[in-house]
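**Q** Here are the chains, one letter per residue:
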Amino acid sequence: MIPEYGDILFLSICMLVVLTGFWVVVSPNLVHSAVSLLFTLFGVAGLYVFLYADFIAASQIIIYVGGILVLIIFGVMLTNTISDQNISNKSQNRVPAAIACLIMLVLQIRGILNTNWYIAENQIRESTVNDIGILLLSKYLLPFEIISLLLLAALIGAAMLSRKKV
Amino acid sequence: MINMLEIYLFVSAILLNMGIFAVITRKNAVAILMGIELILNSANINFIAFNRFGNFEVLDGHVFSIFVIVLAAAEAAVALAIIINLFKNVGTVKVDEATELKG
Numbered sequence: 001m002i003p004e005y006g007d008i009l010f011l012s013i014c015m016l017v018v019l020t021g022f023w024v025v026v027s028p029n030l031v032h033s034a035v036s037l038l039f040t041l042f043g044v045a046g047l048y049v050f051l052y053a054d055f056i057a058a059s060q061i062i063i064y065v066g067g068i069l070v071l072i073i074f075g076v077m078l079t080n081t082i083s084d085q086n087i088s089n090k091s092q093n094r095v096p097a098a099i100a101c102l103i104m105l106v107l108q109i110r111g112i113l114n115t116n117w118y119i120a121e122n123q124i125r126e127s128t129v130n131d132i133g134i135l136l137l138s139k140y141l142l143p144f145e146i147i148s149l150l151l152l153a154a155l156i157g158a159a160m161l162s163r164k165k166v
Numbered sequence: 001m002i003n004m005l006e007i008y009l010f011v012s013a014i015l016l017n018m019g020i021f022a023v024i025t026r027k028n029a030v031a032i033l034m035g036i037e038l039i040l041n042s043a044n045i046n047f048i049a050f051n052r053f054g055n056f057e058v059l060d061g062h063v064f065s066i067f068v069i070v071l072a073a074a075e076a077a078v079a080l081a082i083i084i085n086l087f088k089n090v091g092t093v094k095v096d097e098a099t100e101l102k103g
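First to last, the protein sequences are chains A and B. Count the first sequence with this note's numbering and you get residues 1 to 166, in order. Count the second sequence with this note's numbering and you get residues 1 to 103, in order.
Think of the hints as simulated: they come from the structure by calculation, not from any bench. Be aware that a few hints might be false.
Stated by the list, open to error - Taking lysine-lysine pairs in the DSSO-like style, the calculated list, with each CA pair at most 27 angstroms apart, reads:
id, chain 1, residue 1, chain 2, residue 2
1, A, Lys139, B, Lys102
2, B, Lys88, A, Lys164
3, B, Lys102, B, Lys88
4, A, Lys90, B, Lys27
5, B, Lys88, A, Lys139
6, B, Lys88, B, Lys27
7, B, Lys88, A, Lys165
8, A, Lys90, B, Lys88
9, B, Lys27, B, Lys102
10, A, Lys90, B, Lys102
11, B, Lys27, B, Lys94
12, A, Lys139, B, Lys94
Using the sequences plus the hints, can you model the full thing?
**A** Next up, the structure:
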């Protein structure tokens, strides 16, 4: 049986997400973690493309990669001296934490495998942007406005926290 | 076709547990923030995957994942402002060395 190219691409994106995510978690250098997080976020955007979520994939790249990751690297650079070549990022309590997380992972995987998931028949559609726009301005209008207020409050709060005292 | 719901759930579960591992083991506050980003991403993958395989007519999961992305952006901005203030006042971003409150 010849494997399809789409399957190969899908599995390699899954491997990319898992491996770079693992390096984010265990890397001894903070800058390596940040750069590795870049590839994890790109891989998650690729998974969204495989799920026909075009708008979410674009927002993932624009907001996460273009915004949050830049903020994180900004934080790394501001809170460490540049001359410090090897920005240390030590971990502690690795073994108990790994055991706890592995137990939790095994339980979750057992749950996923033992559940009989409902799968709908219709799984193909056109672009999702139109329907998301309609939903955001009809059914989810109030949460949309509340979350815009929250974003404004977070923006003002962050600016207030980080400016100089007058 | 290997593109099925369980694969997405596996990837999402692995990301969730790696994020929890980072939050538990890391001492640097910025690295803890990266772990939280991993956790939020895994939640987003679940929303989108269930939306596609469960009911693809209505896009509620997409809207929820937009809300999660907005929350992640707000959280990253405020957390980094707090971390930079911590660095200015205490001189370190290691969460176990900021013991002013004797916690």
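**Q** Which of the numbered hints above does this structure break?
**A** Of the numbered hints given earlier, those the structure breaks are 1, 5, 12, listed in rising order.
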